[in-house]
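Those protein sequence lines, which keep their order, are chains L and D. So in the numbering used here, spot 30 of the first sequence is number 30, and the numbers just go up one at a time. So in the numbering used here, spot 2 of the second sequence is number 2, and the numbers just go up one at a time.
Don't read these hints as lab results, they were simulated from the structure. Even for Gly, the Cβ is constructed at its ideal location relative to N, Cα and C. One should not assume that every hint holds.
Stated by the list, open to error - If you only want the chain L side, here are some residues facing chain D, beta carbon under 8 Å, derived:
| no. | residue |
| --- | --- |
| 1 | Leu43 |
| 2 | Asp56 |
| 3 | Phe91 |
| 4 | Glu102 |
| 5 | Gln103 |
| 6 | Phe104 |
| 7 | Phe105 |
| 8 | Gly106 |
| 9 | Pro107 |
| 10 | Gly108 |
Said to hold, decoys possible - Subject to a maximum C-alpha distance of 30 Å in a straight line, what follows is the list of computed DSBU-like cross-link-like pairs (lysine-lysine):
| no. | chain 1 | residue 1 | chain 2 | residue 2 |
| --- | --- | --- | --- | --- |
| 11 | D | Lys42 | L | Lys68 |
| 12 | D | Lys99 | L | Lys68 |
| 13 | D | Lys42 | D | Lys1 |
| 14 | D | Lys99 | D | Lys42 |
| 15 | L | Lys24 | D | Lys42 |
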Amino acid sequence: DAGVIQSPRHEVTEMGQEVTLRCKPISGHDYLFWYRQTMMRGLELLIYFNNNVPIDDSGMPEDRFSAKMPNASFSTLKIQPSEPRDSAVYFCASSLVGYYNEQFFGPGTRLTVL
Amino acid sequence: KQEVTQIPAALSVPEGENLVLNCSFTDSAIYNLQWFRQDPGKGLTSLLLIQSSQREQTSGRLNASLDKSSGRSTLYIAASQPGDSATYLCAALSSNTGKLIFGQGTTLQVKP
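Work out the full structure, taking the sequences as your base and the hints as a guide.
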């Protein structure tokens, strides 16, 4: 298995632009998680899905952030409009049959908002 | 609210030493505790996962222990190698919220 796939790996954009991050979970995994990592706050859970349904989005910082999972093999995290404080590394992770199981992380997307 | 703390924040040791990384958590209501490795500019690699009913897990030179009652976990690395240099993160999965709460990590440098 190729593992969790994220794209793009790096994204540089200007303030006010829309940014879309993409994730393909490991095939057969039924939980998908989006995390954000910054030096100041470390790794934080933004939102997670179970069988394509959002379960907990309490970590999404603002209405500018939205996430979707249209099918079992694809999820997006969108920021509109982006701001410099959104600069971070965004990770996607997936787990099999329950969120209490081991989570497998993708390589991350490094976002820089100028 | 679950809080996870890792001490020390950074550690430098000579090659061949055995070492212990510490992780503490404030809420004992956890499903499991997971240790990850993160190399600079890379994603997280899962090293060991200890279920709340277990006391320890081993994988090669790594051994992780869990003491729920005291809110502590340790990662023991035997015979350290320069290739072990990385940041090690522990994360507790809360059984109240279902969320994985991460510590800030310990950055390990193993000198040849």
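Which of the numbered hints above does this structure break?
none
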